[in-house]
Amino acid sequence: MGIITVDKCDHLFWLGRYTERVHTTLKYFFKSTDMMIDSDPGFYDEFCRKIGIANVYGTKENFMRAYPFDENDPNSIISNLNKAYDNAIVMRDYIGTETMAYIQLAIDDIHNAERGNAEIPDLMLSIDHILAFWGCVNDIIDNEQIRNIIKLGKGIERLDLYLSLGLPENDIKKEYKRMKQFLVKSKMRYDESIIYTIDSMLSENELNYLNIKNLLRNLIAK
Amino acid sequence: MKDLISNAETINKLLARYGVKFGIYKNGEFKEQLFPFDPIPRIIEHNEYIHLEKGLKQRVNALNCFLSDIYGNKRIVTDGVIPEEFIYSAKGFLTPCDGVAPPKNIYSHISGIDLVQSKDDNWYILEDNLRVPSGASYPMIARELQRRSAPDVFSYNSVVDNRNYADLLKEVMDYVNTGGINVILSPGRYNAAFFEHSYLAEKTGAVLTTGRDIICENDNVYYIDYNGKKQRVGAVYRRISDEYLDPMTFYEESVIGIPHIFEAYKKGNVALLNAPGNGVADDKGIYYFVPKMIRYYLGEDALLMNAPTYLPYYKNDMRYVLDNFDKLVIKDVAEAGGYGVVFGNSLTKEKKEKFITLLKSEPRRFIAQEVIDFYDLNILDETGNKVPRKADLRAFVLTNGDTKVWPSGLTRFSRNPDSFIVNSSQGGGFKDTWVLSR
Chain A
619 MGIITVDKCD HLFWLGRYTE RVHTTLKYFF KSTDMMIDSD PGFYDEFCRK
669 IGIANVYGTK ENFMRAYPFD ENDPNSIISN LNKAYDNAIV MRDYIGTETM
719 AYIQLAIDDI HNAERGNAEI PDLMLSIDHI LAFWGCVNDI IDNEQIRNII
769 KLGKGIERLD LYLSLGLPEN DIKKEYKRMK QFLVKSKMRY DESIIYTIDS
819 MLSENELNYL NIKNLLRNLI AK
Chain B
5 MKDLISNAET INKLLARYGV KFGIYKNGEF KEQLFPFDPI PRIIEHNEYI
55 HLEKGLKQRV NALNCFLSDI YGNKRIVTDG VIPEEFIYSA KGFLTPCDGV
105 APPKNIYSHI SGIDLVQSKD DNWYILEDNL RVPSGASYPM IARELQRRSA
155 PDVFSYNSVV DNRNYADLLK EVMDYVNTGG INVILSPGRY NAAFFEHSYL
205 AEKTGAVLTT GRDIICENDN VYYIDYNGKK QRVGAVYRRI SDEYLDPMTF
255 YEESVIGIPH IFEAYKKGNV ALLNAPGNGV ADDKGIYYFV PKMIRYYLGE
305 DALLMNAPTY LPYYKNDMRY VLDNFDKLVI KDVAEAGGYG VVFGNSLTKE
355 KKEKFITLLK SEPRRFIAQE VIDFYDLNIL DETGNKVPRK ADLRAFVLTN
405 GDTKVWPSGL TRFSRNPDSF IVNSSQGGGF KDTWVLSR
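As you go down the protein sequences, you meet chains A and B in turn.
Read the first sequence against this note's numbering and you will find it ends at 840, with the numbers running on by one and no gaps.
Read the second sequence against this note's numbering and you will find it ends at 442, with the numbers running on by one and no gaps.
Hints are not guaranteed to be accurate.
[What the hints assert, rightly or not] DSS-like, lysine-lysine: derived pairs with alpha carbons at most 27 Å apart: (1) K358(B) / K319(B); (2) K271(B) / K701(A); (3) K805(A) / K331(B); (4) K78(B) / K207(B); (5) K233(B) / K271(B); (6) K78(B) / K701(A); (7) K803(A) / K233(B); (8) K408(B) / K390(B); (9) K234(B) / K61(B); (10) K831(A) / K803(A); (11) K234(B) / K803(A); (12) K233(B) / K805(A); (13) K668(A) / K649(A); (14) K25(B) / K701(A); (15) K95(B) / K798(A); (16) K270(B) / K701(A); (17) K108(B) / K25(B); (18) K78(B) / K270(B); (19) K701(A) / K207(B).
Just so you know, the hints here were simulated from the structure itself, not pulled from any lab data.
This one's a predicted model, so the numbers in the text were calculated from it and none came from an experiment.
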């Protein structure tokens, strides 16, 4: 056990990416719904633009319903969580049944929230279970490389989203530094020249978010 | 027992949490379903188990002898015990396996034997599953959860711990391993039993693969890692059917098999569990002959009985089947999973006539059996009341140098009060099976 093949590496990496996508976009969704209460009812349009998805929702109400729950919407929270599950289920022998269970629980939370009366508070439980999943990644998975591939996926996704959302430079620099640690430890093949370029960009006075984002897309060798 | 019943909902929730599901295809669409678990166990007393254990070992030993013989000298045919047309017309007899001996000469490493207990207390064998029998993982994980929810129940009742299945399976893989790692070969995520494949990989420490990362070179099998490094594979617990195993030898359009793996197996460079070609021994037509096999190979009388079975192939049996059609169950030997089963008394006059015409034109295709009046087991219905339902038992027998019976099994039950069909694909549920240590 523990021999990592190209396919398994891919599943672990995308497991990290999808869980992080759900985590960060859910948190941003909560913030956005708050904005839409009184200060900017049309904020969902900016939400879509920032995270780079098409605004197919039309109304605030449709967005509030479809974005978290619609399994036919490939960009929805539940669709991303289902993709995390698809990557987790084929890696049960590497990550363990206990770890995998937290993805299932996060999915159950979303379904329960859809059926319940208090959608947003119920959705918050999903974040708890994603955090528990990451706790298990650290606590249960013995193989360091496996842990680091998942964390690399998580780190790259977080950085990508933080750049898209225009978070402060300090946050970007902090996440980049973390991601780089996992990059080395994951033993995945990557383009070193991209790291040199980003390193030098980070020392500039003003960060070019878009350029960094584009460079990151090609970091991991296909 | 009260504790088990009151925790039933919690256990089912935990099973859902751990992804204890099976997949089915309906209208061309894949869906995952929970396998409903009933908390009331089937209980097998110690002495009864001793008898069952002996009978199951005997049966599996004879079936392994049969497979070795049939892909070897075929003495059982030349000695006239089994007509040769039953061998060669069996769908499971694979010509490429003729003359090929598996590592350590073991054919059926993991055997799933389906039994029922009749109201006269006798156990009857319903069928043998010697290809890719599934189901052990469900009682394994259910027991783990039930022990947590009601620990006293288990110590008070002296229930034999069944959580050693993965160890037994690993022992078998290690025993026949020709040098290299153990892998579990699954058709993939959308297979009905994928939960089991992944769970057994986790518990045995074998590598789970869909074959995409396996290659054969110079008649050896290798697993390729991320850096392109090759690791030799010594044993493949394959959970894909014979015909899909190797497109170079069997079904050439198979995209889930491993090209040339059969060559590596033929040369003795990799063990395949179970051996390809086992289908000839668990054919419903061959089932009739198993008691004769036991006598022929082991010189013993069968300790466990077959359900009374008739082969329309034989004139006398055909006459009996036609005379008693309404009280018999007729099975299509090519079908499995509860499909192709017809209860004589359930057919309309027109359908019966049509069926009899088919039976007469293809007598080798069917067997007929007396309907055994087997014990119902209580299950909890949706309202929490105990109701009786038909249930069978799949016992798992593992063979390495020794033959061992797993002291548990998968008890499947029908949720429909009018049905004898217990298969999960047809809405059945499962129970734990307790073997008592005293």
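Original post:
Of the hints stated earlier, which fail here?
Top reply: 2, 3, 4, 6, 8, 9, 15, 16, 17
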